[in-house]
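Participant: Taking the hints into account, I'd like the entire structure generated from these sequences.
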Amino acid sequence: MAEPKTKYDRQLRIWGEQGQAALEKASICLLNCGPTGSETLKNLVLGGVGSITIVDGSKVEFGDLGNNFMVDDSSLGQSKAKCVCSFLQELNDAVKAKFIEEYPEALIDTNPSFFSQFTLVVATQLVEESMVKLDRICRQENVMLIFARSYGLTGLVRISVKEHTVIESKPDHFLDDLRLNNPWPELRGFAEAIDLNVQDPVAHKHIPYVVILVKMADEWKTSHGGTLPSTREQKREFKELLKARMAAMDEDNYKEAIDASFKLFAPQGIIAALKEFIANEGGGEVPLEGSIPDMTSSTEHYVNLQKIYQAKSEADYLVLEERVRNILKKIGRDPHSIPKATIKSFSKNARKLKVCRYRSIEDEYNNPSPAELQKYLTDEDYSIAVGFYILLRAVDRYAANFNHFPGQFVGGLDEDISRLKTTAVSLLNDLGCSGLTLTEDLINEMCRFGAAELHAVAAIIGGIASQEVIKLITKQFVPMTGTFAFNAIDHKSQLLNLC
Amino acid sequence: MADAAPPSKSRDLDKLLLRPGNLVGPTFDPGVQLRDDLQEYARVLVVGAGGLGCELLKDLALSGFKNLEVIDMDRIEVTNLNRQFLFRLEDVGKPKAEVAAKRVMERVSGVNIVPHFCRIEDKDIEFYNDFNIIALGLDSIEARSYINAVACSFLEYDSDDNPREETMKPMVDGGTEGFKGHARVIVPGVTPCFECTIWLFPPQVKFPLCTLAETPRNAAHCIEYAHLIKWDEVHSGQAFDPDNPDHMKWVYDEAVKRAELFGIPGVTYSLTQGVVKNIIPAIASTNAIISAACTLETLKIASGCSKTLSNYLTYNGVEGLHTKVTEFVKDKDCLVCGPGILIELDTAVTLKKFIDMLEEDPKVLMTKASITYHGKNLYMQAPPVLEEMTRSNLELPLYDLMDKTPKDVLHATGTINKDDKKSSGLRKLRVVFKGIDGVTDMDMAGGA
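Protein chains in written order, with our numbering: chain A, 2 to 500; chain B, 437 to 884.
By construction, these hints were calculated from the structure, which means they are not laboratory data. A quick note: this is a predicted structure, and the numbers were derived from the prediction, not measured. Ideal Cβ positions, reconstructed from N, Cα and C, are used throughout, including at glycine. One should not assume that every hint holds.
[Stated by the list, open to error] Derived Cβ-Cβ restraints for the label pairs, each shown as a range:
hint	chain 1	residue 1	chain 2	residue 2	range
1	B	W635	A	P113	47 to 57 Å
2	B	E696	A	D253	24 to 34 Å
3	A	K244	B	T463	55 to 65 Å
4	B	A675	A	D253	29 to 39 Å
5	B	E696	A	M247	32 to 42 Å
6	B	N598	A	A248	50 to 60 Å
7	B	W635	A	F175	17 to 27 Å
8	B	Q469	A	D94	40 to 50 Å
9	B	G871	A	M247	51 to 61 Å
10	B	W635	A	D253	17 to 27 Å
[Stated by the list, open to error] Distance condition first, Cα-Cα at most 20 Å in a straight line; then the derived SDA-like pairs of lysine to any residue:
hint	chain 1	residue 1	chain 2	residue 2
11	A	K476	B	N752
12	A	K476	B	H758
13	B	K760	A	N498
14	B	K445	B	V468
15	B	K743	A	D491
16	A	K6	B	K713
17	B	K616	A	V479
Facilitator: Below you can see the structure in the form of structure tokens.
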């Protein structure tokens, strides 16, 4: 076997060894292994999830050979779950792969406790009724759940978890935590020891901008009654002041100071969960993150500055840890039940913590948001995506009445179209949007799709689902909130804020 | 009552290809014929058999295409296996294109995939003209630029400078980095080409050498010092090879020493590799999403079964999920997809003189140019056999070599020197001979 570190190198650079360890501990259950489910699992097996269990009661038919890469001609007539499972196993022998030849709907009805053994369930191609039931079970058992569905040139992805918390949200663009407007004594002391008017030009152009901004902010405060620049005019004036201090035009550190001066003006966020720290030692701030961006500087200044930020960050963490242990003791829990590493990571990421909550499917369906839906339906960028969202629910109602999806079979298309139209009108009525209609073109299109599961659409839906699964399991990055309504016609897909 | 369809592998695709709709492309002509033509006649080239290429081949094979070819110069490495799902551990070291083609043909019966284990520049231009659509699964700007120039070189303009539809060579292009990616459609003459929007790919930021030499501040500075400065000092003449583990280890050890000297934390072997090889993190899911989006667009272009992406899709899954479609516009003065660079010549100018002129022409700036005229080699710099065969043309007037045609299009391939950077490139040249009847002022006004 290859050294796993090498095999996973390109992803370890994204979620690190901690993220990888979480993946390798996870057990995933897949319901239905058509192309949508198979493609979702393919991406997770390649990444090295701990185990997969495939639930599908169907046999491989001719049509499956044309849309699913995990079956081949020799699979015809065999259990689809078995064939897909054996091919997926080939992709990564570190993954424990098994299958159960049974229809998910039957399992949901007869053996709900089955699902409690998993970290996460990926439910593909389920209709509304089964989605609601499964969601209830998974919420009860505290199992994460994600729905994925491909349908012609549309589809959806929807996460359902009571609450998901993220410590390492790793945002792309985030304001550096430099405390320029509120330096602690060590940082202030460091800045004071450096002379901005130093004569040596080399020394002058290697003063880090953090020092320049801390000192210039102080200077500004003394001449402005203790306040920082706040109006646009004052901010401009402050930048002029910085410019005037440049000893030569090529001083990158002063240019950086001017560019970074907004960091001085930006308000700092407050996280409620850290109330005590903020109210006491924090002096109104969350624990310091401790890293600084690269900036023009001499090596000595930079390394020393970095040490000051790191020392403060470490000190903040130790105080926070102490408080956590005390609180745990007070509420009668083992003071060491939260590991050091978790508290440290929490402390460093205090400004980036995220909480995602998801409504239950039942609640989303029983208590629709007509105002949101109406807004989407009348917005050109959203109308197709939200139209598909409504039609995906309409086809389930249709199927419950007529035992097949509109356009599923050859012939009878006109009748199916008019029936779907009627179904859509009554659904819109139930959603509190009785005045609105869907276009004929879109309803025709939905019937044309005839519940087809196209491979390329399934690969997109499955790709998105697997990416969200990784975020949920590693507890890194921020998973999507809302329902992703896929629109492959012009790719104006939308995340609908309905859950 | 509706009937069940007879068993067919095309069960799901048939819904899209056999039934009429209103949200479709202007050329859509649904029916069995369309499906069969797609299988029989549509030829798609996949450029790159890596993370995107593997997905593209699988997706195309399951989207009604039966005639595929794939070109890639790389061999399989262990670090590919977390996403390039057509490869197994025992395939490490084998050519990607060959293994990928074989695996897809094994799984999807009836599909034919021809692999090409070579550089994209090794194929002559006509090779690329043989395909209806080119799908790009690349990770380099230079390679995209090259294929784009080749595809755009086929584009012809009529006498009113309108692009001729039958000469358009559509491309779909994908790219990913971590949780982010893009998919785009390029129809030369209609949408912007890769070169029209080259600003979307800003050049990689390099550390100033004085920072590396004098004021290193972080681990990457120490690594680049060892890689770019110290290596040459110690190994005079021996080139650094990023794929040689001994070389990499040497750079790592030197970087550690330098970091210790300056009290800088964070130098690891993994980071050393990342910095030196400029490794872009890559995962299966993003590649799957982007490749499938490209495949859908390929299917739409070939069949008209739905509207097309117009013309650039971005996907970002870092914070929640964001997708966005942007309609970029053509650069009307684009040297690559425009009507061609206009060059006026005297009828007496020899091919050799012409090649020399291309080095100086500010719009061309090409050295070592090889020249083709309607697929015919006028002069080839390489291989030596061809060079020898075409050498005698150098002293002949270009006008004669072009069969005394007053104005026409030539293709030049060679090294383009732009902004102090050399790259392989292709330029379309619109040559007009002075003082020949039939050349009017109108033609000249078109410009390049």
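Participant: Could you run down the list of hints and mark each one as holding or not?
Facilitator: For each hint, the structure was consulted:
1. B:W635 with A:P113: 47 to 57 Å: holds, 55 Å
2. B:E696 with A:D253: 24 to 34 Å: holds, 27 Å
3. A:K244 with B:T463: 55 to 65 Å: holds, 59 Å
4. B:A675 with A:D253: 29 to 39 Å: Hint holds: Cβ distance 32 Å, inside 29 to 39 Å.
5. B:E696 with A:M247: 32 to 42 Å: Once the Cβ atoms are compared, 34 Å apart, the range 32 to 42 Å for M247 of chain A and E696 of chain B holds.
6. B:N598 with A:A248: 50 to 60 Å: Holds: the Cβ-Cβ distance is about 58 Å, inside 50 to 60 Å.
7. B:W635 with A:F175: 17 to 27 Å: 25 Å Cβ-Cβ, so the 17 to 27 Å window holds.
8. B:Q469 with A:D94: 40 to 50 Å: Cβ of Q469 of chain B to Cβ of D94 of chain A: about 46 Å, so the range 40 to 50 Å holds.
9. B:G871 with A:M247: 51 to 61 Å: holds, 60 Å
10. B:W635 with A:D253: 17 to 27 Å: Roughly 24 Å apart at Cβ, these two residues keep to the hinted range, so it holds.
11. A:K476 with B:N752: holds, 17 Å
12. A:K476 with B:H758: holds, 19 Å
13. B:K760 with A:N498: Roughly 17 Å separates the two Cα atoms, so the pair holds.
14. B:K445 with B:V468: holds, 13 Å
15. B:K743 with A:D491: Distance of about 6 Å is within 20 Å: holds.
16. A:K6 with B:K713: holds, 17 Å
17. B:K616 with A:V479: holds, 13 Å
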